[in-house]
Amino acid sequence: MNPAPTPSASKIIRRVHLYLALFLTPWMIIYALSGLVLNHGDLVRGWYGGKFSDFEKLEERPYTAAFSADATARLIGAQVLADLDLAGTFQVQGTPTQPKLVITRNAALTAHRITYFRTENRLLIEKQSLSTPVILNRLHFRHGYEQPFVSAKIWGFVVDLAVVGLLFWVVSGIWMWWEIKPARTTGAVVALCGFAVFGLLLATI
Amino acid sequence: MKNANLLFRRTHLYLGLLLIPWLLVYALSTFVFNHGEHFRAYRAAEPLWLPLWEKDYAFEAPSDVAGLRAAAQRLLKDHGLSGAFAARRQGQRLNINVQNFWHPRRVTYDFTTKKLRAEERRSTALDVLVRLHERTGYNQGGLLNKLWAFVVDLFCVATLVWIGTGLYLWWKLSATRTWGWLALGGGLATLLALLATL
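Residue numbers (our numbering), protein chains in the order written: chain X, 1 to 205; chain W, 1001 to 1198.
Think of the hints as simulated: they come from the structure by calculation, not from any bench. Just so it is clear, the structure is predicted and the values come from calculations on it, not from any experiment. It is possible that some hints are incorrect.
[To be verified] Derived DSS-like pairs (lysine-lysine); straight-line CA-CA distance at most 25 Å:
id: 1; chain 1: W; residue 1: LYS1077; chain 2: W; residue 2: LYS1055
id: 2; chain 1: X; residue 1: LYS127; chain 2: X; residue 2: LYS100
id: 3; chain 1: X; residue 1: LYS181; chain 2: W; residue 2: LYS1172
id: 4; chain 1: W; residue 1: LYS1055; chain 2: X; residue 2: LYS11
Make the full structure from the sequences, and use the hints.
Written as structure tokens, this is what we have:
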């Protein structure tokens, strides 16, 4: 009985290149489409008239809560969101001593902006109008590990995985190119053209 | 069919080789964004803007956006500054930001004192990397500015082409179908779970 053949380094590299790409396909589609949106911002904004990414008022309501003197803006923001059943990743603008805190709750597909008028015990709740370009851009810009939520940390991990993927595709792509002898000359010319254009633009603009 | 296979393989390969510098830029800068707190020490520190010169200057600003932009462009040209820029009036100040990967500059005109001031932003290699990632759009004059925007478009379209041709090439490798489906389905399921819970 013959032992199972050991897969060659080339085959392992090809398979990792492929499976990593298949796993990251949804993210790469998001980054590609949002890149087009960002590169044609004025055009895309024009499709939506003046309403692109605007926040619309949902409601105003009284809000009374007692916070200790050492409560941070983030802690206050988390409590306000919990009371509104909107807990999740968010940013806060303002300090605990200011009369107004602006809390932006960034869900994947929606965004709420809650303005807390502390001295008036009042909340203004607004929601961002939904559109595909806005959602794509929001997903494009989402990164980091600062938010204390499991799903946000997994997203941060997938962003790191996409970085590893891009670097691995470059290295493994060069490996695979070198294995294809008929493609060596053309590939070298194409790669040199890419570096030349990049170098020119890096040096001049 | 063999020709289509070869065409897809070569397109996949040559687009990748052409765009290697941009693949590296977007990968490395994304890592910087994703771990911003660890890279803060390697970004330019305060004061970010270093003075270049200051002079007395008489300048009338048109009230319309296009006129203001044209006047700002003349002002920059008169002072030996060129490149992509954005001009914005805020009260009694006109701010003109001149983009450049290595040496971004800021020109400020104070309508009250009639002083024109130019500054240059300090930059580290990481700052340059981040600027390369963030630069987009066709709204600047000059062939090279348009070329950069075109390459950004090319990169986005190439990503979609890599996906399309990659799926085709995967499907031709029947031995990889099961694991391929698992990888593709796993990625999609992960994305949907995150979209529902973020």
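Checking each numbered hint in turn, tell me which of them this model violates, lowest number first. Number 4 - this is the single hint that the structure violates.
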